[in-house]
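Visitor: Listed below, chain by chain, are the residues.
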Amino acid sequence: MRNRRQNVITLLLLAPSLVMAILLLAIPLLVVIAYSFAGRDSYGGVVTGFTLESYVELFQPAYLPIFVNSLKIAAMSTAVCVLIGYPIAYFIAFRAGKHSGLLLALLLIPFWIDFMIRMSSWMVLMGRNGTINGALTGAGIIDEPIRMIGTYPAVMVGMLYAFLPTTVLPIYAALSGINRRLLEAADDLGAGPVEAFWRVTFPLSLPGVMAAMLFVFVPAMGVYAIPVLLGGGKSIILGNLIVQLFLDFRNIPLGAAVSVVMLVLSSVIIVFYMRMLRRLEEAHA
Amino acid sequence: MKLSRIAGLYVPIVTILGYVFLFAPLVVLVIYSFNAGRSTVVWTGFSMDWYVQALNDRGLQRGLQVSAIVAVLSAIISTAIGTSAALAVIKRPFPAKNLFSTLLIAPLVLPEIVLAVGMLVATVWSGLALGYLTLVAGHVLVSVPFTFLIVRAAAATLDPRLDEAAADLGAHGGQIFMRVTLPLLLPAILSATLLSAIISFDNFVMSTFVSGVGTTPLPIQIYAMLKTGLTPKINALGTMLIGVNVLAILLVMGRYLKTVRGTGQ
Amino acid sequence: MLKYGMLLATTSLLLAGTALTASAEELHIYAWASELPQEIVDDFAKETGINVTMDTYDSNETMMAKLSAGASGYDLVEPSQYTVQVLVKQGLLTELDHAKLPNLSNLGAAFKDVSYDPGQKFSVPYIWGTTGLAYNEDCVKQPITSWKAMWDPQYEGRVYMLDNMLAAYIAGLQVNGLHAGTANPEEIEKATQSLIEQKKILGGYNSSNFGELVASGEACIVQAWNSNVTQILDENPKVHYVIPEEGGSMWIDGFAIPKNAKNVDAAYKFIDYIMKPEVAAKAANLSKSATVVDAAKALLPKEVAENQAIYPPADKLKKVDFILDVGDAMKLYQDGWTKVKTAQ
Numbered sequence: 001m002r003n004r005r006q007n008v009i010t011l012l013l014l015a016p017s018l019v020m021a022i023l024l025l026a027i028p029l030l031v032v033i034a035y036s037f038a039g040r041d042s043y044g045g046v047v048t049g050f051t052l053e054s055y056v057e058l059f060q061p062a063y064l065p066i067f068v069n070s071l072k073i074a075a076m077s078t079a080v081c082v083l084i085g086y087p088i089a090y091f092i093a094f095r096a097g098k099h100s101g102l103l104l105a106l107l108l109i110p111f112w113i114d115f116m117i118r119m120s121s122w123m124v125l126m127g128r129n130g131t132i133n134g135a136l137t138g139a140g141i142i143d144e145p146i147r148m149i150g151t152y153p154a155v156m157v158g159m160l161y162a163f164l165p166t167t168v169l170p171i172y173a174a175l176s177g178i179n180r181r182l183l184e185a186a187d188d189l190g191a192g193p194v195e196a197f198w199r200v201t202f203p204l205s206l207p208g209v210m211a212a213m214l215f216v217f218v219p220a221m222g223v224y225a226i227p228v229l230l231g232g233g234k235s236i237i238l239g240n241l242i243v244q245l246f247l248d249f250r251n252i253p254l255g256a257a258v259s260v261v262m263l264v265l266s267s268v269i270i271v272f273y274m275r276m277l278r279r280l281e282e283a284h285a
Numbered sequence: 001m002k003l004s005r006i007a008g009l010y011v012p013i014v015t016i017l018g019y020v021f022l023f024a025p026l027v028v029l030v031i032y033s034f035n036a037g038r039s040t041v042v043w044t045g046f047s048m049d050w051y052v053q054a055l056n057d058r059g060l061q062r063g064l065q066v067s068a069i070v071a072v073l074s075a076i077i078s079t080a081i082g083t084s085a086a087l088a089v090i091k092r093p094f095p096a097k098n099l100f101s102t103l104l105i106a107p108l109v110l111p112e113i114v115l116a117v118g119m120l121v122a123t124v125w126s127g128l129a130l131g132y133l134t135l136v137a138g139h140v141l142v143s144v145p146f147t148f149l150i151v152r153a154a155a156a157t158l159d160p161r162l163d164e165a166a167a168d169l170g171a172h173g174g175q176i177f178m179r180v181t182l183p184l185l186l187p188a189i190l191s192a193t194l195l196s197a198i199i200s201f202d203n204f205v206m207s208t209f210v211s212g213v214g215t216t217p218l219p220i221q222i223y224a225m226l227k228t229g230l231t232p233k234i235n236a237l238g239t240m241l242i243g244v245n246v247l248a249i250l251l252v253m254g255r256y257l258k259t260v261r262g263t264g265q
Numbered sequence: 001m002l003k004y005g006m007l008l009a010t011t012s013l014l015l016a017g018t019a020l021t022a023s024a025e026e027l028h029i030y031a032w033a034s035e036l037p038q039e040i041v042d043d044f045a046k047e048t049g050i051n052v053t054m055d056t057y058d059s060n061e062t063m064m065a066k067l068s069a070g071a072s073g074y075d076l077v078e079p080s081q082y083t084v085q086v087l088v089k090q091g092l093l094t095e096l097d098h099a100k101l102p103n104l105s106n107l108g109a110a111f112k113d114v115s116y117d118p119g120q121k122f123s124v125p126y127i128w129g130t131t132g133l134a135y136n137e138d139c140v141k142q143p144i145t146s147w148k149a150m151w152d153p154q155y156e157g158r159v160y161m162l163d164n165m166l167a168a169y170i171a172g173l174q175v176n177g178l179h180a181g182t183a184n185p186e187e188i189e190k191a192t193q194s195l196i197e198q199k200k201i202l203g204g205y206n207s208s209n210f211g212e213l214v215a216s217g218e219a220c221i222v223q224a225w226n227s228n229v230t231q232i233l234d235e236n237p238k239v240h241y242v243i244p245e246e247g248g249s250m251w252i253d254g255f256a257i258p259k260n261a262k263n264v265d266a267a268y269k270f271i272d273y274i275m276k277p278e279v280a281a282k283a284a285n286l287s288k289s290a291t292v293v294d295a296a297k298a299l300l301p302k303e304v305a306e307n308q309a310i311y312p313p314a315d316k317l318k319k320v321d322f323i324l325d326v327g328d329a330m331k332l333y334q335d336g337w338t339k340v341k342t343a344q
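Protein chains in written order, with the numbering used here: chain A, 1 to 285; chain L, 1 to 265; chain D, 1 to 344.
Since the hints were made in silico from the structure, they are not lab data. Accuracy of the hints is not assured; some may be wrong.
List of simulated lysine-lysine pairs, DSSO-like, C-alpha gap at most 27 angstroms [stated by the list, open to error]:
#, chain 1, residue 1, chain 2, residue 2
1, D, Lys200, A, Lys234
2, D, Lys200, D, Lys141
3, A, Lys72, D, Lys339
4, D, Lys89, D, Lys331
5, A, Lys234, D, Lys89
6, A, Lys234, D, Lys199
7, D, Lys89, D, Lys148
8, D, Lys199, A, Lys72
9, A, Lys234, D, Lys331
10, A, Lys234, D, Lys339
Computed beta-carbon distance windows for the label pairs [stated by the list, open to error]:
#, chain 1, residue 1, chain 2, residue 2, range
11, L, Leu99, A, Arg4, 41 to 49 angstroms
12, L, Ala96, A, Glu57, 34 to 42 angstroms
13, D, Glu95, A, Pro65, 18 to 26 angstroms
Some, not all, of what chain L presents toward chain D, calculated at C-beta under 10 angstroms [to be verified]:
#, residue
14, Arg62
15, Leu64
16, Leu120
Owing to the predicted nature of the structure, the values given are computational and were not obtained by experimental measurement. Backbone N, C-alpha and C define an ideal beta-carbon position, used for all residues, glycine too.
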């Protein structure tokens, strides 16, 4: 009896996500996979059938730099976001005291105004005749305005601005769940604050850090408005490629093939991530 | 000792710089919303005209309404889905657990445009009309990985002995959940809800494909306005959004802090 | 919990509310952002009692993606000339019944029998414009007359091309003395090489806020669609729009009715309404673009009718190229454009 009741509860907990996964994920994905093996007519119509044409086309040398470029930008963005997001999460969790709620809320305010509005503010700040150049020339630090829009650091600024809360939140969630008595115990055992951090706090926050890395790395490969608006759109990454193939070229099979390759790449990342997470959880148990 | 002092400074300094970084564009945004001229870069004088214009722009009004409705609905739904899934994964034994987790995180690692095109085609195939339903569905799909991972990370740090202790004290499953698990998970659940509402409010790619007749959300409206040049009207809108948020946060936080203090944390 | 419940209840009421208003005659328009002024739509709704919903898109391709998916729910779309051809070939447009469009006779002579849609079988032109370049005299000292300026290293980092394949190739082909819209593989390859060459000095590709880039001085020269910069030209006397001597190009955006449209009658009424000279004039004036109704041009304020960025002089118009669907040669453009975009 008891066992059956337990099973019903488990099923009830699983049901919403299963329904969602089938309706909103599995069916659309199967369509995409099927499309990657389809042919196309010259007007962008999909011709059903089975061909490997799109995959063959994909492995041309022209596309290689796009993959490399995307991985580079994503890795760089992740590093920048974690280096800056971790201390902020740490501060909110351990130093902010009763203000932690306020700081968390403040962190999210910029994101309630539209993405495009935020990007345009950065364009104003970093423009040739913008606020930063104005301040620097005004203070006599530089003579000629520096070109910022259309450069790599500008893209990084945009990425950091876009992904900072998605970095801070999971790290904060992990840090705030740490049992304070563990830290007291470390202190009692004579560990200094730095040692206590590296031996207790940091390992316990790793699941959060890994979630944060996943949250930044993967979407960063697919972002396309930031490279276009702040980076000048000169170097194309996977997000731009897929938009270009699906919309501009109406080459749905090739776009679908790129997506399938990205799907495979990402699956590898997830499997790796899940394995690490499980190992961490076992270590804590 | 020296090292720890440097480390001790690193945290507050990065935090302060981080918040300056986050708010610098907003300060510029707010200042130029009062600009008399049409430029968002060159200051020509003080005026409130752009607020009047923003309030009277029907495209923006519609967009804001659509975005707000979709953000609220999709945040509630995706938090419910993410939380129940996280609890199942952490607390319940069932087969193919890893596959299940992978499935839930999958929308995060697939290019959004692929999901969007898939959703569009699947919608047409099912005979449903594009509109609120497809927008909410699309945004739920995009935000569930976030709610799932956040609640899961928090649930993983819960001490299982707490449940055992509660059970020893005679609490049954429902009571344990309501009195032990839920309160401990509440911060994570709240951040998950907030985050997914923001993801929805900000969403661009998915919305482009699955919005239908009369349901064009705000980001798409604004992107279209970029083409003819942004005016301080956009700044005025942004400033009002910030204002509403600050108010809401003050209200919610005020109450939240009171409850926290009340329970004597 | 109670709060969430109330929120849910209110939003579902709102949803129900929007669903219930569907009693009167309806019209769902899907148009280019900023080309169809809200005021015109409101006037039409007031005059006819039809309930109009307008959504906008910012590229032909986005609109096509929605239409080719099937049930888009739109009754009226606004494709550009080559897009009309593609949509017709995909069988996505309704053949127009001219008996329902008495005002079609107002169409200017130049737009009566356009090459992309002979006899207006599927579309009715609405506005037209050109593709050229805009520059800011703060950093461009001599007036520009040729695409060649966009290859000039002295403007390094401050030249922006439209982030649009067909538009970029207009410059790439014409700078080589060729015609835009060619289907000749060698000519396309030549243009591709020129565009790759150009990339070294480019600030970037941009088809959204290029007007602002040149107005603010971030860019010296941008490739531009005239209708997106006319407002900026009015406000900033330092910005100039030029159709290059190599030709530039001309585009026409018109209205068409999708195959599965539900409110076809209302769609016809709207097309007919916008062809009235006084309405066409008002629309052209508000959107700052060129009308296709000759009688409307006479009703425009002088500064608009004589604005050379909107109505270029006749000798310029003689030389412009008109881009049509290139059929299978599209693949050559796409491969070339991918090479340009991935070049270091």
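Visitor: Each hint: holds or not?
Guide: Structure-based check of all given hints:
1. D:Lys200 x A:Lys234: holds (10 angstroms)
2. D:Lys200 x D:Lys141: holds (22 angstroms)
3. A:Lys72 x D:Lys339: holds (20 angstroms)
4. D:Lys89 x D:Lys331: Since the Cα atoms of D:Lys89 and D:Lys331 sit roughly 17 angstroms apart, the hinted pair holds (cutoff 27 angstroms).
5. A:Lys234 x D:Lys89: Not satisfied, since the Cα-Cα distance of roughly 33 angstroms exceeds 27 angstroms.
6. A:Lys234 x D:Lys199: holds (8 angstroms)
7. D:Lys89 x D:Lys148: Outside the cut-off at roughly 36 angstroms; violated.
8. D:Lys199 x A:Lys72: Distance of about 21 angstroms is within 27 angstroms: holds.
9. A:Lys234 x D:Lys331: holds (22 angstroms)
10. A:Lys234 x D:Lys339: Holds, at about 12 angstroms.
11. L:Leu99 x A:Arg4: 41 to 49 angstroms: Since L:Leu99 and A:Arg4 have Cβ atoms about 24 angstroms apart, the given range 41 to 49 angstroms is violated.
12. L:Ala96 x A:Glu57: 34 to 42 angstroms: holds (35 angstroms)
13. D:Glu95 x A:Pro65: 18 to 26 angstroms: Violated, at about 46 angstroms.
14. Arg62: Since chain D brings a Cβ to about 9 angstroms from L:Arg62, closer than 10 angstroms, the hint holds.
15. Leu64: Where the cut-off is 10 angstroms and the nearest Cβ of chain D is about 13 angstroms from L:Leu64, the hint is violated.
16. Leu120: With a minimum Cβ separation of about 5 angstroms from chain D (threshold 10 angstroms), the hint on L:Leu120 holds.
Of the numbered hints listed earlier, those contradicted by the structure are 5, 7, 11, 13 and 15.
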